[in-house]
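Since the structure of chain B is already known, use the hints to place chain H on it.
Protein sequence lines correspond, in order, to chains B and H. Take 1 as the starting number for the first sequence in the numbering used here and just add one per residue. Take 1 as the starting number for the second sequence in the numbering used here and just add one per residue.
Hints should not be assumed to be uniformly reliable.
Unchecked claim - Distance windows between CB atoms, simulated:
id	chain 1	residue 1	chain 2	residue 2	range
1	B	Leu80	H	Gly48	16 to 26 Å
2	H	Gly171	B	Cys74	31 to 41 Å
3	H	Ser46	B	Asn236	32 to 42 Å
4	B	Ile19	H	Gly121	15 to 25 Å
5	H	Ser46	B	Asp127	33 to 43 Å
6	B	Asn32	H	Asn216	11 to 21 Å
7	B	Lys57	H	Leu200	26 to 36 Å
As the list claims (entries may be wrong) - Simulated coverage check for chain B against chain H, where a stretch passes if three residues somewhere in it have a Cβ under 8 Å from a Cβ of chain H:
id	segment
8	27-38
9	69-83
10	94-103
11	133-140
Unchecked claim - A few chain H residues that face chain B, going by a derived Cβ cut-off under 10 Å, partial list only:
id	residue
12	Asp119
13	Arg127
14	Ala128
15	Leu217
16	Lys220
FYI, nobody ran anything at the bench for these hints, they're computed from the structure. Model, not experiment: these values are computed from the prediction. No residue lacks a Cβ here, since even glycine has one placed at the ideal position from N, Cα and C.
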Amino acid sequence: MDIRLQKLKKYYPSQNTMIKAVDDISIDIPSNTIYGIIGKSGAGKSSLIRLISLLEKPDAGLVFYNDEEVSSLCEKELVLKRREVGMIFQNFNLFNSRNAFGNVAYPLEINGKSKAFIEKRVKELLDLVGLSGREDAPMSTLSGGQKQRVAIARALANNPGILFCDEATSALDPQTTKSILGLLRDIQKKIGLTIVMITHQMEVVRDVCEWVAVLDEGQVVEKGLVKDIFARPKENITREFLSHMHYTEAEIKEQSEKTLLWSKDEAAFILRFIGEKTGEPILSKISKKTNVDFNIRGASVAHLLDEEVGTLYVDMLGSEVEISEAIQLLKTEGVQIENTKGEIL
Amino acid sequence: MTSFNAMYTLVGNATLQTLAMVFSATFFSLLLGFPLGILLCISDPSTGISPKPIVFKVLTRIVNVLRSFPFIILMILIFPLSRIIIGTSIGTSASVIPLSIAAAPFVARIIETALKEVDPGLVQAARAIGSTKLQIIFKVLIPEALPSLVAGVTLTIINIIGYSAMAGAIGGGGLGDLAIRYGYQRFRTDIMIASVLVILILVEIIQFFGTRISNNLMKKR
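Just chain B, same shape as in the assembly (with noise of 0.2 Å):
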């Protein structure tokens, strides 16, 4: 399903003036993507998707799915207009009273399915989120990522056009988010899902999305595909979310075995120094004088408390009398040296 959102606005009263948190906002969402929603809190992500999803009624603009307005729908066919979407949280949101099972049952009972369809149905759909053999689990004997995988599943029991994801990974750790993250785009192909993930987390746009949305003060200040707003960020706030992004060592080696190789494998070196090292231009210095060139793959430095340690991540391109020696030479600068298969030189 397409979503289409129509110069929407929410005002909530506050003490003596109006707080607007959704201010005039108009997105097309197409069908069949992942559409990311950025902002920091109180940006007013939530109040968006609330009206997004049809949880509330905006003060004044439309909200279309495939073409039909369903924002001004009455009570009653909202129920059921909210059947054909699904959604998951933060907090996962899941019945302590019910198991796994009875978790991704409950949207088929209240929708008037036969038991023997629903045995079928969320068994089914446990195996999608890979909790198979998992029915009879209390919430609280399930992990985090567990948890979020039968809301998923529960989520989308109902075989809905619109999945909406609210901070669904914010309360996760960043492997468990990995793996989230990778199941909603797994899920997201296989059935042909528009998926709309509200977050504050840049990471979470980088790896899953496809098209963007920059929140600030309730409006849009930037949107369009991942791709254009990663190149050309046009806005400061979309700079200080790229700025802000982290990249575990793990993404760096990964994104720098991706890159186009120049040299020879054993040329590739993972170089790590410590403190002021971090503020030298080591590798020009080397580079004049051994006449070895470098090629950063990819780098990072991670600020201690009260030190910066540094990774990079190079090629050596050098004969091997002129790479020996920039190794020497980069050894007596404190710097650690290990090659490609983690042996430190």
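Just chain H, lined up with the frame of chain B:
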């Protein structure tokens, strides 16, 4: 020996009367208080399930007024009602009506509090899934709040045992009545002690089972 047998019969009969009074009053007070508690919970604008500020305010006032009355006064005020419904205002069955009405607002508050303890996120999720209001109440709020509801009903029964002893004062029968007429007015300390002991045992048993059921429900989660 005869005196012991007489006491045994007296206390035994009174216990049966108390049990009959307490359990029928619990039943009727739940019948009145449970829907009222649900209504208080869902109409409260802060829960957002079915916000009806005026209904909520009016119900809250009524519940507060009823709960402010000392039970003994409420009982006397409700006499005429007992006479209309049961035909008499004296006796065990007649006292069930004031007991039920007095306990109903208490039950309503207990139910309301238990339901409001349910994580609002669950209500939001249930709404997002497309639940009707009735489905939210019966498939989410009540099952989720069940351990607290059981604890609340336990508290209600014990409270009604206390009230029922007072009902004795105006001819309702039961252990409270026995304690007053024999133990206090006729200086039968043995009967006084026996009545109090039986009430104590009743309270202990009900609390034991109430806590156990509530804990078992929690354990399954």
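Consistency of the hints with the structure:
no.: 1; hint: B:Leu80 with H:Gly48: 16 to 26 Å; in the structure: 20 Å, holds
no.: 2; hint: H:Gly171 with B:Cys74: 31 to 41 Å; in the structure: 56 Å, violated
no.: 3; hint: H:Ser46 with B:Asn236: 32 to 42 Å; in the structure: 38 Å, holds
no.: 4; hint: B:Ile19 with H:Gly121: 15 to 25 Å; in the structure: 22 Å, holds
no.: 5; hint: H:Ser46 with B:Asp127: 33 to 43 Å; in the structure: 40 Å, holds
no.: 6; hint: B:Asn32 with H:Asn216: 11 to 21 Å; in the structure: 47 Å, violated
no.: 7; hint: B:Lys57 with H:Leu200: 26 to 36 Å; in the structure: 56 Å, violated
no.: 8; hint: 27-38; in the structure: violated (count 0)
no.: 9; hint: 69-83; in the structure: holds (count 5)
no.: 10; hint: 94-103; in the structure: holds (count 5)
no.: 11; hint: 133-140; in the structure: holds (count 3)
no.: 12; hint: Asp119; in the structure: 7 Å, holds
no.: 13; hint: Arg127; in the structure: 6 Å, holds
no.: 14; hint: Ala128; in the structure: 4 Å, holds
no.: 15; hint: Leu217; in the structure: 8 Å, holds
no.: 16; hint: Lys220; in the structure: 6 Å, holds
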